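Engineer: In the order they appear, the protein sequences are chains A and B. No gaps in the numbering here: position 155 of the first sequence is 155 in our numbering, and each next residue is one more. No gaps in the numbering here: position 2 of the second sequence is 2 in our numbering, and each next residue is one more.
Incorrect hints may appear among the rest.
Claimed, not checked - Below, simulated DMTMM-like cross-link-like pairs (lysine to aspartate or glutamate); rule was C-alpha separation at most 20 Å, straight line:
| id | chain 1 | residue 1 | chain 2 | residue 2 |
| --- | --- | --- | --- | --- |
| 1 | A | LYS111 | B | ASP29 |
| 2 | A | LYS111 | B | GLU128 |
| 3 | A | LYS735 | B | GLU128 |
| 4 | A | LYS727 | A | ASP190 |
| 5 | A | LYS558 | A | ASP190 |
| 6 | A | LYS5 | B | GLU128 |
Derived from the structure by calculation, the hints contain no laboratory data. None of these values were measured; they are calculated from a predicted model.
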Amino acid sequence: MTVQKPLPHDAAPLHVTGAARYVDDIPVPANCLHLAFGLSTIAKGRLSGLDLEAVRTAPGVVAVLSGADFETIPDCSPSAHDEPLLSDGTIHYAGQPLFMVVADTHLNARKAAALGRTTYAEEPPILSIDEAMAAGSIFEDGPRIYTKGDVAAALAASPHVIEGRIEIGGQEHFYLEGQSALALPQEGGDMVVHSSSQHPTEIQHKVADALGVPMNAVRVEVRRMGGGFGGKESQGNHLAIACAIAAARTGRPCKMRYDRDDDFIITGKRHDARITYRAGFGDDGRLTGVEFTHLIRCGWAMDLSLPVADRAMLHADNAYDLPAARITSHRLKTNTQSATAFRGFGGPQGMVGIERVMDHVAHVLGRDPLAVRRTNYYPEARAADGAPEGSISGKKKQGAVLDTADLAGRGSVRVETGTGSATRFGAVHSPGAGAAKSGVTPYGMEVEDFILGALTEQLVETADYAARKAAVAEWNAAHDILKKGIALTPVKFGISFTLTHLNQAGALVHVYQDGSVHMNHGGTEMGQGLFQKVAQVAASRFGLPLDRVKITATDTGKVPNTSATAASSGSDLNGMAVKAACDEICARIAEVVAPDLQAEAAQVVFQGGMVRAGQAEMRFEEAVQKAYLSRVSLSATGFYKTPKIAWDRIAGKGRPFFYFAYGAACSEVVIDTLTGENRILRTDIVHDCGASLNPALDIGQIEGGFVQGAGWLTMEELVWDATGALKTHAPSTYKIPACSDRPRIFNVALWAGENREETIYRSKAVGEPPFMLGMSVFSALADACSACGPHFPDLQAPATAEAVLAAVHRARGPA
Amino acid sequence: MPQVTLSVNGTQMTAEVEGRTLLVELLRDRFRLTGTHIGCDTSQCGACAVHVDGALVKACTALALDLDGADVTTIEGMAGADGTLSPVQQAFQDHHGLQCGFCTPGMVMAAAALLSENPKPTVAEIREYLEGNICRCTGYHNIVKAILAASGQPVDDLAASVA
């Protein structure tokens, strides 16, 4: 079986030879036109004059369109119909597209776009969280509030109560491939669009809407993206719509790719936030109740901000069983880029709040923060009672889910294989299994699958936490300038779209007469290896080698009505849909060949390129031929919807998640107390991917997610000036982690276990959860700052050198 | 318009260019060699890295006209004529040194340049050499491993080797 093997990315041979095509690499007809936007330079006001004469007469310009050229300006919003493609005269942020240029070359379009003459009636913009709160500038009619228990009473009765606040910066996606789209006009007004998008169906929907045609007149194809991270869930709409409109009006192919600076200035980013807290706790650090207020800066349009802010609330508990909790969330409307999806989708911001509380409690009590964290963990899950009947893994039930031989080449990556069949679910390490009572989240969902107690124990051992904690203390006692810090932080991340209906997926699988397989599904490939994982599923279902399965571009003409490849759900949803389609075809073939194999159809298995029943067998290709000659369809669709979930986002009650994915990281850092500069010395991770579909790809997600999360909380700083202009709009001013920034020592292990829930081969989602392992770096930096003096360092995020230096000074107190 | 003649991956190629035409535009738009990517447009991310007369050059800030007569190698010229991958390419594939793949051509070109200058680099030397090449997906761990492997050095004890 090809699942669970650490195979390279399917496109690796194309990537290392430069043969992989991204949107900008697709050969286009010679008459292709190129687009560029002219952008607003103010953050708020009215466009009082727009002189485009110089733009129209610039070399190579074919057409120039502004809001005035549309009866109804096309909308680009994925939610609230509040994002006109081009300004309708109102300016909402600095960087908003005002007009679009269509020219013969990319360069001519960009040059011409710089020639627009604008006059504005400026108004004072609402930029900061404080300004938005003062002005009552919000989305939704007031804050969302989730509550559990009586927090006021809990705090009143608490031996200790702390208060605090943390500012959490946003984050630019910095997908290496910028946003791009290509529209090819077809006969009869149809349109084919190639888009660098995580959400082809949304592109199809918005393009059809803009062109005034039904969705069946638009076909969207996405072969791959050069990174997405959430930034291509909705932010590609504008380019695709602009290209389609220009293509429809000129009858020529139209392409648009944002220059990197434009990409920074136009598109949304991770929501920045301020979280304030009041927490009550006992002498042992056990929380009695917590009050959080989330102030989330959403930018000018709604986009996906409501579910993002919801998910921040849903992760305000992270791994901790809060006896009483009250989470209040304000979604603030500001004259800045419209903040959007970004890996973790609000979850990271919510978690940083409770992790700050843990560090603060530990500081007050003078206890090890890890001890405080573990004191507050949810109760460990009981071992499951065995797999449900008829499930795929019920038949399989292997304990050691990784092929250690295949992983030997992974160098320093340690593979924990557990101890055999007992590792099915937390049974090996679960302390007091059977006695523990499951906790309930602040939103009323029972946490049934908690494994962080055991997972943390494993990491404490493999990272040698206790000895290194002591060594850090020793170092700090002996050194004045360089101070070290160490922290171990957990992650519990909910898996499923919180908008329940999005948890569905489709697939289309064909088997051709020669026995080769053509596989298609609604998920998109952005580097995460989804296509390879799902192809491994298909190959396993047919019992074929992987090279018999052709991976094909995501195409709205093959699988319709898809959800975005987001929320870490890609392989969970599409793997199951492809499995359903393959199993349907296998069942039809089995019916045909059963008499030849002198067996019942139900006894026929597909293995090793053969179709077998007992001792009788035939080659898969032969079986396929028989089915074809018997006039049996060798094409099937597959469909999947996630079970068990039900969620009322207004009440804040229900089961929004099918399951949780877990992980923990231990990071050690050093800071220079004279400059605030800092380095990650070592990071150890144990992460839960269930029974991994592909350990190599999953470990890649963990390593990359961790580094991206650490970047968010340390070096990645977005700066807007007083007028609302984004000053960090290129890699010259916005620093993402470089090769020299990754931890000097970096050990990643997969947790040996299976998903308790019946997911595809009992695997778990892996896209987002590891991102939040980066919190260990932030807490370690806070720990290093704490070593500088007796006061709480109150480190703010991102922990840039300046922020670390300020925290060092706070720790020391007034001179 | 002036003409420029270059050897690109061993083939003499001639094109009329403007004075301002960038090498990356010449390669991508005129010669259809789209493996050389444009990531940041400003010579910082390294997705456009190629070799010019054996040296690592960012093609998004090199003027085509300056390179008349130069010997240019792009990612498309790294594999053998029969398609056999170079050791660096093979190592990036085998050691999972890529995810979305957009930075990969530049990374491969940078790694090959490093190994031609320094056939057995230390991990610290690899890290320093790659500072001009950004990857947003991998966290770099497997990229460093791939380069170690391509240089014939063991990758099993990467953690220990940098302690």
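Engineer: Now tell me if each hint is right for this structure.
Structural biologist: Verification of the hints:
1. A:LYS111 x B:ASP29: holds, 18 Å
2. A:LYS111 x B:GLU128: violated, 36 Å
3. A:LYS735 x B:GLU128: Distance ~16 Å between A:LYS735 and B:GLU128 Cα, so the pair holds.
4. A:LYS727 x A:ASP190: violated, 41 Å
5. A:LYS558 x A:ASP190: Roughly 16 Å separates the two Cα atoms, so the pair holds.
6. A:LYS5 x B:GLU128: violated, 33 Å
Checked against the numbered hints given earlier, the structure breaks hints 2, 4 and 6 and satisfies all the rest.
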